[in-house]
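Enquirer: Residue numbers (the working numbering), protein chains in the order written: chain A, 3 to 292; chain B, 3 to 292; chain C, 3 to 292; chain D, 3 to 292.
Just so you know, the hints here were simulated from the structure itself, not pulled from any lab data. One or more hints might be untrue.
As the list makes no split between identical chains, a pair holds if one copy fits it or if it spans any two.
Straight-line C-alpha distance at most 30 Å; calculated DSS-like pairs for lysine-lysine [unchecked claim]:
#1 Lys-62 with Lys-92
#2 Lys-22 with Lys-62
#3 Lys-95 with Lys-21
#4 Lys-139 with Lys-62
#5 Lys-92 with Lys-139
#6 Lys-21 with Lys-62
#7 Lys-146 with Lys-22
#8 Lys-95 with Lys-22
#9 Lys-139 with Lys-95
#10 Lys-92 with Lys-21
#11 Lys-92 with Lys-22
Protein chains: 4
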Amino acid sequence: MESVTQKTSLQELVSREHKKDDTIVSIGNIPLGGPFFTIIAGPCAVESQEQLQSIASSVKMSGAAILRGGAYKPRTSPYSFQGLGHEGLKILKAISTSLGIPTVTEVVDTADLDLVLNYADAVQIGARNMQNFALLKAVGKISKPVILKRGMAARAEDLLLSAEYIFAGGNSQIILCERGIRTFETQTRNTLDLNIIPFLKERSHLPVIVDPSHGTGIRSYVAPLARAAAACGADGIMVEVHCDPQQALSDGPQSLYPAQFAELASSLQQISHIMGKDMVGNLSSSQIFL
Amino acid sequence: MESVTQKTSLQELVSREHKKDDTIVSIGNIPLGGPFFTIIAGPCAVESQEQLQSIASSVKMSGAAILRGGAYKPRTSPYSFQGLGHEGLKILKAISTSLGIPTVTEVVDTADLDLVLNYADAVQIGARNMQNFALLKAVGKISKPVILKRGMAARAEDLLLSAEYIFAGGNSQIILCERGIRTFETQTRNTLDLNIIPFLKERSHLPVIVDPSHGTGIRSYVAPLARAAAACGADGIMVEVHCDPQQALSDGPQSLYPAQFAELASSLQQISHIMGKDMVGNLSSSQIFL
Amino acid sequence: MESVTQKTSLQELVSREHKKDDTIVSIGNIPLGGPFFTIIAGPCAVESQEQLQSIASSVKMSGAAILRGGAYKPRTSPYSFQGLGHEGLKILKAISTSLGIPTVTEVVDTADLDLVLNYADAVQIGARNMQNFALLKAVGKISKPVILKRGMAARAEDLLLSAEYIFAGGNSQIILCERGIRTFETQTRNTLDLNIIPFLKERSHLPVIVDPSHGTGIRSYVAPLARAAAACGADGIMVEVHCDPQQALSDGPQSLYPAQFAELASSLQQISHIMGKDMVGNLSSSQIFL
Amino acid sequence: MESVTQKTSLQELVSREHKKDDTIVSIGNIPLGGPFFTIIAGPCAVESQEQLQSIASSVKMSGAAILRGGAYKPRTSPYSFQGLGHEGLKILKAISTSLGIPTVTEVVDTADLDLVLNYADAVQIGARNMQNFALLKAVGKISKPVILKRGMAARAEDLLLSAEYIFAGGNSQIILCERGIRTFETQTRNTLDLNIIPFLKERSHLPVIVDPSHGTGIRSYVAPLARAAAACGADGIMVEVHCDPQQALSDGPQSLYPAQFAELASSLQQISHIMGKDMVGNLSSSQIFL
């Protein structure tokens, strides 16, 4: 049964009926939700210590509060780069410690979960696994935050029901993430669906972030859509940055250059301010051009 | 043939290759495009002199620069209200003159075009007629601006090719309008696709506006998505406002109350400013809360 | 308003509630609906007297009962072949008379309707004009049959409501035609949606045909999907045939060769028989391999 | 990366370039693919020994060659029936042995795989797990057949690449299954996409079956679409049957009554015959009305 037609009912733990006030989830010491606007940035995949070090230090300086980087990469083709696995996790942890920035990375199988939890501050459930219910049940039992990405064909209600699996399992530290749906439009890799933001904010108390990198798949569209997400009420964005996108092992065409990211972070701070939110992070006052 | 896979070629009149600088289109004395951010507001349908008078004076005072109102309404069912027709056009013209605000209204058939042009400052081609090529050819020969709405199943490239029909006919005063596409998502009436904004701004010199009312179909989502449109680089929005949405003959559930519109216009002015644009219109300084 | 959520109500003229028995519509002397299975075939566009003569005589001999051919072609780009217009209508009529086969051709504007009616036995409303309500109202007043094609983003209910426009205008000779919808799938030009066939047959008394040529856009998929349509309960198919598809001015890649059409017609006769229908036409017994 | 734009390349193990002749996969002693047309039938979920016994004996007598029944049910809501788990597997095995019919059941997590293999003759990867790459890799190492269902947002090419994961892992016993995609159409639960059948048969040597139960979600549409699948070139169907659909714990509205199934099986035998295939199974001659 893939769709449930009735509205989110009163009993649902993720609903505003269950909890009226915004939930604030902390990844490491960084808050998401409520009065905060939070930027998660980093490469699509962890490729090497040097690669992650240079990207992480750059995005941290420019306004990112949390570092992303994939060690297990779900790829459409079995012949594409599948991630560094355990080695990638170690690199992620090392950079996190040296720079003092918390991290999130994707988990793709229940069998890997314990290992991933040893290295990351939060786990991500990717779009392809949004209805991998065994995995949802497993992360429902952990004590670290979960970023749950919307599936490519998931209705807004389906996303909330997948979050409900996690919450019902005992883990209330859930961050919802819009990352684009599949439509007939071929100009963009996906169709980032910002309409879901006011829906999720009305219906649920959980923080909501947006991934404009996967959402559009095109570098020059990332910043406009990230700003749109902030103006629309999102609690943060997750964005891919790479120092040398041409050489990236995964998703180069949608990765921002560090300078583009810095400029984006500045404008997001201004828009967050209009929306009544404070941007979390290290943005120095000299970068603010408001 | 409904799709053309090759990219917009150099010869296309609507492309940036053909004309590098932004085109600024004027409806009456109001500019759209380039450094301007312009708000078009009004009821879905013209219902009576009193209805239009009260909405128009309210939205003009709050920041709308152009008045919208339908006299010919394309409706899915033959048994729904079809608009006041010629009588609606007369009302639109009377209010336009008395308030000094230019107008746009939809034309649905080549046979009505001359009549509509006697009363309105610009014509709108609706989503259902985006590929009514006979109508596109007809408005290609007029000397007033055309707002061309994206069809519910139109790819970004298709919208540009429909604009090309108008331009090739001799009329370069074209404003492109995103208004939501049909996807699997049922939570919203349509899926407003803001990803098309950076695409259109990159590929074409024509002004681009967004209709968040049809795009979402839900009153409480209209303002967030309108702000998102502005943050994303749109040149303006077209939004439905009604003093008594419960009694509206068409599209009440997506119409803003005048007070909601005023608040939205204020925040749009702030976001436009961040985006380097000046909002056109009558917004008094007392309404600005930045 | 593009969607009407309530079910087809009792009052609707196109519904089974209004009329329980199958409606049989005749184009010329050829019936569609009820116990009949009818094949409409011909080129996408009328290109010349010679082209149409050779295709028409071939398809008539192989089992086609009605000839199709476009004189007014709706094309995504203004620079594509737009059809021969009036000249194409004259050719269509001449071939129809000489071969004794009735014809259907598309009408794209209310202004052309009278002219088209002078030459063709039935008119087609194309997918792009399914919600061109001015045109629907106009064909509601004529006394010849109308083939109404489903729009690329039209829900099943929307198609019935567009048919209702025609019926409510006074013309009950309507044939519904599925021709593919727009989905995320890019392998085929459209996604032929056969699920609509049992829906339409349950809910409406009107004949339902399928166009697998536009529905798939790929020659080698046309016959499998045409057979599927017959097995699914359709009352006929409309299919594009061309003697020299490589040189076709429109839609060559989806046109069958005459020999492929003949083989398809034979298998359709067998499947129709299993479905309790008799295929209308000239299929000689030697072609039947059952 | 969710889409790979290049065509299936020569190196792909699932492609016709790699292996020209049809692959025939055997579940127990029952073949799928090549000259055979095979019916898999049974309840959505195993509910009890009595339920499965009565359905299984009925469908076997009417023409089903393989029994389906879910023990682990992926459900959108955590509060829906999740299946009997291990207990369900035991029931499935018991009925299989007593009736002499092979079985297929879904596996939803790598952790359950060994257990499932102890009880079933083939495993199914459901639509929600089509891109659960950890699971695909795991079933790539088993020695029993895998039925791989198309994801709700999977392009045809994506399905082949998921199959490639299994094949590349060492398991070539793969059956592809179309089960409907997500589109804007709300009349049916999914949009069964038969256009993929000729694509898959052209591009791959693997058997292809169709699930019209999930594909439409509506009982009265199941038989028409099942017949369409057969007429389109599918190698078999998988269909849900329940003796008391009103009381079914899952998917009752789309389950056929046993008598409907028997009638469908008869007509499928006729259509298979036209398509040059022999239906596998126990269909007694008295049931054949050809």
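Enquirer: The structure should be examined with respect to each hint, and the outcome stated for every one.
Expert: For each hint, the structure was consulted:
1. Taking identical chains as interchangeable, the C-alpha atoms of Lys-62 and Lys-92 lie at most 30 Å apart only when both belong to the same chain, with a minimum of 19 Å there against 55 Å between chains.
2. In this assembly of identical chains, the alpha carbons of Lys-22 and Lys-62 never lie at most 30 Å apart, being 33 Å within a copy and 37 Å across copies at closest.
3. Neither within a single protomer nor between protomers do Lys-95 and Lys-21 lie at most 30 Å apart by alpha-carbon distance, with minima of 34 Å and 45 Å respectively.
4. Proximity of Lys-139 and Lys-62 under a CA criterion of 30 Å is satisfied in neither setting, with 33 Å inside one chain copy and 36 Å between copies.
5. Proximity of Lys-92 to Lys-139 under the C-alpha cut-off of 30 Å is found in both arrangements, the shortest distances being 26 Å within a copy and 24 Å between copies.
6. With identical chains, the CA atoms of Lys-21 and Lys-62 are never at most 30 Å apart, being 33 Å at best within one copy and 40 Å at best between copies.
7. Proximity of Lys-146 and Lys-22 under a CA criterion of 30 Å is satisfied intra-copy only: 23 Å inside one chain copy versus 50 Å between copies.
8. Taking the shortest alpha-carbon separations for Lys-95 and Lys-22, neither the intra-copy value of 36 Å nor the inter-copy value of 48 Å comes in at or below 30 Å.
9. Taking the shortest Cα distances, Lys-139 and Lys-95 sit within 30 Å of each other both inside one copy (25 Å) and across copies (27 Å).
10. In this homomeric assembly, Lys-92 and Lys-21 never come within 30 Å of each other (Cα to Cα): the closest approach is 37 Å inside a single copy and 42 Å across copies.
11. Taking the shortest Cα distances, Lys-92 and Lys-22 never come within 30 Å of each other, neither inside one copy (39 Å) nor across copies (45 Å).
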